[in-house]
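As you go down the protein sequences, you meet chains P and C in turn. The numbering used here puts the first sequence at residues -15 to 124. The numbering used here puts the second sequence at residues -15 to 124.
If you're looking for bench data, these hints aren't it; they were derived computationally from the structure. Treat each hint with caution, since some may be false.
A pair counts as met if it fits within one copy or between any two copies, since identical chains are not told apart.
Unchecked claim - Simulated crosslink set (BS3-like; lysine-lysine; CA at most 25 Å straight-line):
(1) K120 <-> K66
(2) K(-11) <-> K66
(3) K120 <-> K(-11)
(4) K28 <-> K(-11)
Number of protein chains: 2
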Amino acid sequence: MSSAKPFSMAVKAVILDAEGRCLIIRRSAHNSNFVGCWEWPGGKLDPGESFATGLEREVLEECGLTVELTGLAGALEFEMPKVRVVMLCMEARLTGGTLRMSEEHDDYAWVPLSDLQNRTLLDHHRAFMLDYANRKTPAP
Amino acid sequence: MSSAKPFSMAVKAVILDAEGRCLIIRRSAHNSNFVGCWEWPGGKLDPGESFATGLEREVLEECGLTVELTGLAGALEFEMPKVRVVMLCMEARLTGGTLRMSEEHDDYAWVPLSDLQNRTLLDHHRAFMLDYANRKTPAP
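Let's have the full structure, built from the sequences with the hints guiding it.
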């Protein structure tokens, strides 16, 4: 009866600028999957790490930026071969640093939330990202 | 500019039985706040504890039950005097144990999701619980 897959937590940062654009980064060929897909910065928590500390660490490692978390964007769930991932997405604002990519990503872009739909997004995040954009974008 | 309040994580279990009812428990006078309010079992994570391990521990401590987490119910956010809490709610199913309350709660009930609205629920969970019930209840 029991599912063999344990749960694991991942975190993503929706870093918003003053114009309401969010930072997305593109997965490089250094990754074993989803190469070329755009995503919000973030990743897995290290063992024993709080979600806030882990997310700030991931953003710094992936983008060279320091951020302050400002609130919850939402949560989603997806299956990977060995684990079921619960991904917590937090809104954040820039506090410092210099934008540069690690070897895991090869490009970045600040995009209006309404333009996310035109990007090749990670499949298991896509629906959540577009729903978030829809919730945050003022109705016309 | 920086908010003084750090983020903290809490977890709740939506334990569902075969009839689709969920387990709610009532906060006793042992608590310093929200006495008499009904809530899903759960609580704060201990430092370094994963959300899954922490939630299973809390359910066992509060209810005497062992559960298996089955999926994400959703996440919500609220402010407490010293922290901003991100609360992750996970669906779960019973695997064992004997239902009994700790000193923190003085009653329990298995209620259809559609009856949650008739209970005095914790204020900062109420909207989320009712929205969840609405999402999970088949349209008439």
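query: If you check each hint against the structure, which ones fail?
result: 1
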